[in-house]
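Number of protein chains: 2
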Amino acid sequence: MSRKDVIAGSRNEEGIPRAVEQLKQRFGERCQTGQSFREQHAHTTTYLPSQLPDAVVFVETSAEVQAVVQICAEHKVPMVAFGTGSSLEGQVNAANGGISIDFSRMDKVLAVNVEDLDCTVEPGVTREALNTYLRDTGLFFPIDPGANASIGGMVATRASGTNAVRYGTMKDNVLALTVVTAKGEEIRTAHRARKSSAGYDLTRLFVGSEGTLGIITSVTLRLQGIPEAIGGGIVAFADEKSACDAVITTIQMGIPVARIELLDALQIRACNAYSGLTLQEKPTLFLEFHGSAETVAMQAAQFDEIQQEFGGEGFRFTTDPQERSQVWKARHNAYWAGRALAPELSGLSSDVCVPISRLADCVAETRADLDRHGLLATIVGHVGDGNFHVLLLFDASNETDVDKVEAFLARLNARALAMDGTCTGEHGIGQGKMSYLEAELGGAIDVMRQIKQALDPDNLFNPGKIFR
Amino acid sequence: MSRKDVIAGSRNEEGIPRAVEQLKQRFGERCQTGQSFREQHAHTTTYLPSQLPDAVVFVETSAEVQAVVQICAEHKVPMVAFGTGSSLEGQVNAANGGISIDFSRMDKVLAVNVEDLDCTVEPGVTREALNTYLRDTGLFFPIDPGANASIGGMVATRASGTNAVRYGTMKDNVLALTVVTAKGEEIRTAHRARKSSAGYDLTRLFVGSEGTLGIITSVTLRLQGIPEAIGGGIVAFADEKSACDAVITTIQMGIPVARIELLDALQIRACNAYSGLTLQEKPTLFLEFHGSAETVAMQAAQFDEIQQEFGGEGFRFTTDPQERSQVWKARHNAYWAGRALAPELSGLSSDVCVPISRLADCVAETRADLDRHGLLATIVGHVGDGNFHVLLLFDASNETDVDKVEAFLARLNARALAMDGTCTGEHGIGQGKMSYLEAELGGAIDVMRQIKQALDPDNLFNPGKIFR
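The listed protein sequences correspond, in order, to chains S and B. Residue 249 in this note's numbering sits at position 249 of the first sequence, and the numbers go up by one each step. Residue 165 in this note's numbering sits at position 165 of the second sequence, and the numbers go up by one each step.
One chain only, chain S, in its complex shape (with noise of 0.2 Å):
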């Protein structure tokens, strides 16, 4: 993450004002040009600087969506799609100004479909809120960020979290998308059949695309059924190096675990201390599990003799959902519960991912590196996928502290990079990551920007995001 690469692009001044105007009358109260309205709209979640827009419309419908691209794209304004702003690379800072697209009215689930296990809902319905619309129908929607973020959103940033190891990611669990193009069409990228070789997968190409080609108004989800049992544990080793190798095992030895998430010994410091917690501060493995009863405690004893291997500290296993569920709300609250190690101080929460047989190496080095720079940082990790986190705790204002900060990103970044991982397995190139989407994939990037112009040629989606 850079703060060189959050530019202000060029605005259209005459442009701008104008399509503002013009949205004003179509949606009065729900086009708000009010500051506070602004900058909400453009908080990136990080120590990046803002961008805001110019206004923000509350869009109730897809025709609405049509009828704000329409107006944009006669006065070459910019459109930044926003669902809940819980992105990390700033993809919802409006870079060249514009009017951000506010999905959080179209939030409706349009249809479950619970013999093909697959709904479609409105952009700006949260996972949350799905999860507790399908709870009657004994179906699921696993994709868990952390964050309660919208579906749109996290069709857009290619979102997975803690549950990918078993369920995949959004591009995994996406069927379908309605999609208005910069005429201010609306097409559908797919029907609800499991699989199709019918032309190009348009809906990969949007999912992951961060707003630049598109504005998605409808995505059609697998689901999948609840399990009929859930079991889950905690162990912890006395290294960073252990835990990995005891998950590294474990994939490769096709535990089907659900979740496999490692949190960093001063991460359970502060997991205690927000939550209530007394777990040992050592670095520990959350762990679920899906399936029928038995299963579910085959998994687990395969599990147990792994971590014994590795020398995990005793690997508390329970079935019973009001434990399981306290210790996953510790996880969930990580973020925050990291936050407030010091709470004075700016969070940047930067991910990357590498190869399984790497993950234990990366984290070492990694937390090496933070020691050894006297950086204040947790790791976290959906380490069953090789992928981790590492939130970053320093003085944003303080630029000897940033430019800290940046180096050892840079120095992340290309440790990832040389195991043949990627500069993000979740979070999406945004601003925050350019130059290493350059390191990662060079002369893939004209090809992607060759899409972009075929498909926006007026650079009006989220400009000045993924590449330059």
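The hints are simulated quantities; they were obtained by calculation from the structure and are not laboratory data. Please note: incorrect hints may appear among the correct ones.
[Unchecked claim] Stretch by stretch, here's where chain S covers chain B in the computed footprint (C-beta under 8 Å, at least three residues): (1) 122 to 134; (2) 182 to 195; (3) 362 to 374; (4) 412 to 425.
Everything numeric in this text was worked out from a predicted model, so none of it was measured. For glycine and all other residues, C-beta sits at the position ideal for the given N, C-alpha and C.
Once you've looked at the hints, dock chain B against the given chain S.
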């Protein structure tokens, strides 16, 4: 599928001989212009008329692929990538003439990372050769479209097959690609991390693009551990609907079947004759379960209850490898067994895919439609995905017969689409399904065209495929 979509485009009569001349100088004996080579590389495995390339180049390295692309680009000559020629919708036809790039000599396994459960191969490796190569590693590559297709071809058509119900399709099993672009440059779409949010998903864009956006030069694949135990069995039903209802319940209950295939009564008759079996001539399900000895037995027991509920006539379960392999060999030979029902007739295998809840209706209506119109055809399906094939046998020299077949195909595709399905679960569009793609995705095809125009502005990569 319609013959009218097999249109010869405009040939570049000046450029082609120049390019061929240059390719002969560069590749010597590995650039062939003889009639038999040209015919073999335009064989369509269907009744669609062949469209011959002007020359066939047998490439051996990705640098050579770049050289071919550069020479063809210079003279504006079309290129068609060729694996084994087992595609079913005319994908390898050279609609505008030009060069067939044959990958049979690019058949090396470049790397196997056992610890990460992945490998990187050249595109000409066939799936059987890959699995033979992997045998000692304890890993296998699960995607099995029936034909011993090349991995490159399977990427290009987004292939799937019998194991997809458990292991997904090519879209789920390709981690990264290298691709030569229209500029003759080689790009890498991703690295080996299990997940990434780094920019547009170019991997998935090239998967299923049927050679129209670039030429694939290497493929990084996910692999699976060879299951500790494999069990399987077959069971006959009174009619297609009962068999499909058993499938629907199996999927809805979340039983992780590795394979669940339907063969209709006529197909069973064909397999009995072709493979020397003595199965009852009734709609029959072929199943396979992967896991530990316990979980395989558990899954089989659960399925046993389901089949009884739908009147299955005795589920014969076995873990004996020889018995299993005889049954699955018969399944793999189903296409040739079907053709042998009437060797004097042409064969045409078409596939559709519907949401699982509509499978029984779609298969039953299709069977009734075939009978009503007196068409000779078998139905075989990867029914766990809602995907099935109709193998039509007819006299391709008789216009009335061909018209009847084409009218049936139009009804089949309209039926699948009305059920929120797709005109192809796994064969792709090629030349044969362009009109069905239009009915299915409408305006989204404009977006596909924009991408094609951006990445291949001179329309040299496999022109005349997917869309007009």
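Hints, verified against the model:
{"no.": "1", "hint": "122 to 134", "result": "violated (count 0)"}
{"no.": "2", "hint": "182 to 195", "result": "holds (count 11)"}
{"no.": "3", "hint": "362 to 374", "result": "violated (count 0)"}
{"no.": "4", "hint": "412 to 425", "result": "holds (count 8)"}
Taken one by one, the earlier hints fail for this structure at numbers 1, 3, listed in ascending order.
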